[in-house]
Amino acid sequence: MGNYTVGLVGAGGIANSHLPAWLALGVDVVVFSIDGAAPALVERHGGGRVVESYEELLAASDAVDICTPTFTHRDLVIEAAEAGKNIVCEKPLALSEADTAEMIEACDRAGVQLYPAHVVRYFPEYVAMHDAIADGGIGTLAVQRFLRAGSAPAAPWFSQKELSGGLVMDQMIHDLDFARWNAGEVTQVYATESPSLREDGAPEPLTAQVILTHESGTVSYVTGVWSRRPIAFQTRFEVAGDAGLLQHDSLGNPPIAFNGSTDEVSGYQPTTRFSESPYLTEIREFHQAFLGGPTPRVDAADGLAAVALAAAALKSIETSAPVTMATNR
Amino acid sequence: MKAEPMKIAVMSFAHTHAASYVRLLAGMPGIELRASDPDHGDRPAGESGGASLAAELGVDYVDSYEELLAWQPDAVVVCSENTKHRDDVLLAAAAGAHVLCEKPLATTSEDAEAMVQACEDAGVNLMVAFPVRFSPAFLALKEQYDRGLLGNIYGVSGTNNGKIPGERAWFTDPALAGGGALTDHVVHIADMLDALFGGAPATRVYATANDFFGGDPRVETGGLVSITYENGVSAVIDCSWSRPASYPVWGGLTLHLVTDAGLVDVNPFAQRVDGFSQSAKNALWLGYGTNSDELMLTEFLSAIREGRRPQPDGQLGCRTVRLVEAAYRSVDTGGVVETTRDSARA
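Just so you know, the protein sequences line up as chains E and B, in that order. Counting in the numbering used here, the final residue of the first sequence is number 329, and the numbers go up one at a time with none missing. Counting in the numbering used here, the final residue of the second sequence is number 1346, and the numbers go up one at a time with none missing.
Treat the hints loosely; a few may be bogus.
Capping the alpha-carbon separation at 20 Å, the derived lysine to any residue pairs in SDA-like fashion look like this [what the hints assert, rightly or not]: (1) 1163/B x 243/E; (2) 1084/B x 1029/B; (3) 1084/B x 1313/B; (4) 1163/B x 1313/B; (5) 315/E x 1335/B; (6) 1163/B x 151/E; (7) 161/E x 98/E; (8) 315/E x 1338/B; (9) 1281/B x 244/E; (10) 1281/B x 151/E; (11) 315/E x 1203/B; (12) 1163/B x 253/E; (13) 161/E x 3/E; (14) 315/E x 1228/B; (15) 1281/B x 137/E; (16) 1163/B x 139/E; (17) 1084/B x 1019/B; (18) 315/E x 1019/B; (19) 1163/B x 98/E; (20) 161/E x 151/E; (21) 1163/B x 315/E; (22) 315/E x 1232/B; (23) 1163/B x 187/E; (24) 1163/B x 246/E; (25) 1281/B x 246/E; (26) 315/E x 1084/B; (27) 1281/B x 243/E.
Which stretches of chain E does chain B cover? Using the computed rule of at least three CB atoms under 8 Å from a CB of chain B, they are [to be verified]: (28) 137 to 149; (29) 212 to 218; (30) 239 to 247; (31) 315 to 322.
Hints were generated in silico from the structure; no laboratory data involved. Glycine included, every Cβ here is placed at the ideal spot set by N, Cα and C.
Take these sequences, add in the hints, and give me the full structure.
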């Protein structure tokens, strides 16, 4: 028996965060991407071996990590499940609840594990907040606010809602998932998005706002921004309970700051300095589960619930009315 | 030109802002000030008010509104409990006095409209006490937006979060306050957006609320309100009384805007010295800078002297009251409330 091998599918933005994590864990990685970007990815991170087809990748792997555009997730996951592989899949799991449910069913049938890469659950500031709430540090959770703002992603598929789900499904799903992790199941979703600017081909909407009412009575507000003017990636949260509140701004309290340095970091992915990469924390937890370790903090059912929340928000935007969630989960 | 002293009457010390207004007005030249707080005896023992608070503030005091208005004031500042605003404003208007009414203007649009009508009929100004729109931070935002430097605005997130108003019990009594956090903390931001968008009417309102803050309150204490305006912009307002009792200050107000120029944060209360106090065993926030209450009072008085209508006026007050009404209707029905152009402009 050789070393544990993961098949990394896709060589775009998120693969650049996942590949170094697998390499740091001492796992062998084979990479396949249809866009020819795999050799550069492997070279950039100094590890991994490029293969020429998905079949070859599956044949060489113990598990697969799907880092491709969202609209391809469904077929790739089902094929991997049928090949008996445990699976990490980038969020969102799929563009619809139906597709996501089908993927989960295929994994259950094959007896393989499927984990969605909702990485915000691994960011240390979010973990500190979640743990404090769970420990009763702010009493009964009443009101949550989340902001996630970055430059509009450059890859063209993001700008097509039918391929990416748009801002709500692709980006805001992080905070929708987190809001639910803190406050539990959601009974009602209301959402708005900024008017269409489609003629210039920029990803849209530029901003959206989602309000959740949870079964517990807690209310949550999630804002997302895909800015057309380049901005530094920024997240914020404030969670308030009847015995206190917690706040964080990713641009606040920098551990090192330069007055006189002019280059501002721009982008659509967060950076966490001076702590372990949350992608590594995440991938390690999934890897351990594949090896028989404990169940990760996020599972496929959470991934499905997150897709359902994002889909409800999109329906709310379309109908200009709140959407009531099924509460039989 | 002879500068006649202006006679200003303060009706009620029910709202804690009354003390701030009295102190500021007392320090302004050419003002004679008199106050009455006849309902003080109805409020819980220990709450400041009445003749003793007047003495503490150094303002002349009379026992009844009748006596106060017989003094023939040029203007009245109404600081009574929310549901008493209508009666008090109508009394002031009938006495021929210009009116500055504490926010919210009223707790129903019917009351608000009656107040506007009464002041129109009497030929007096009706202004609503929304001081935050006078803050330099908001004025700077408005100036940049009006000059086109921000391009379009696509979305707004507003927060007006405070402690449960513990100094005055009436704030959590539905009969006197008309409601809780939705009543108290939606209107400031609604006013600022009205000013920013040039009175663009709201078309849709959705709201959700809970009562987790403050033990066992009789009113909602947490809430989120979404307002979509005719210009396509949607705003979400967090109006929650979410600041714990030990918070270093009363609370705060912020705006976050998504624009063509990027993201804009507006925090009129950001200017402060941070510290810690061993005796208070708490953080110290020492705010500094312009006093928006003073700028608002100056506008109220200047408009009277110059014979013009001040902003924010009663019509605007009505628009904000209608938004709050729509928010309650949304909470009650769980649905979206369409606010028609006509009713938004009436």
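Exercise for the section: Report the numbers of all earlier hints that the structure fails to satisfy, in ascending order. Expected result: 2, 4, 6, 10, 12, 13, 18, 19, 21, 23, 26
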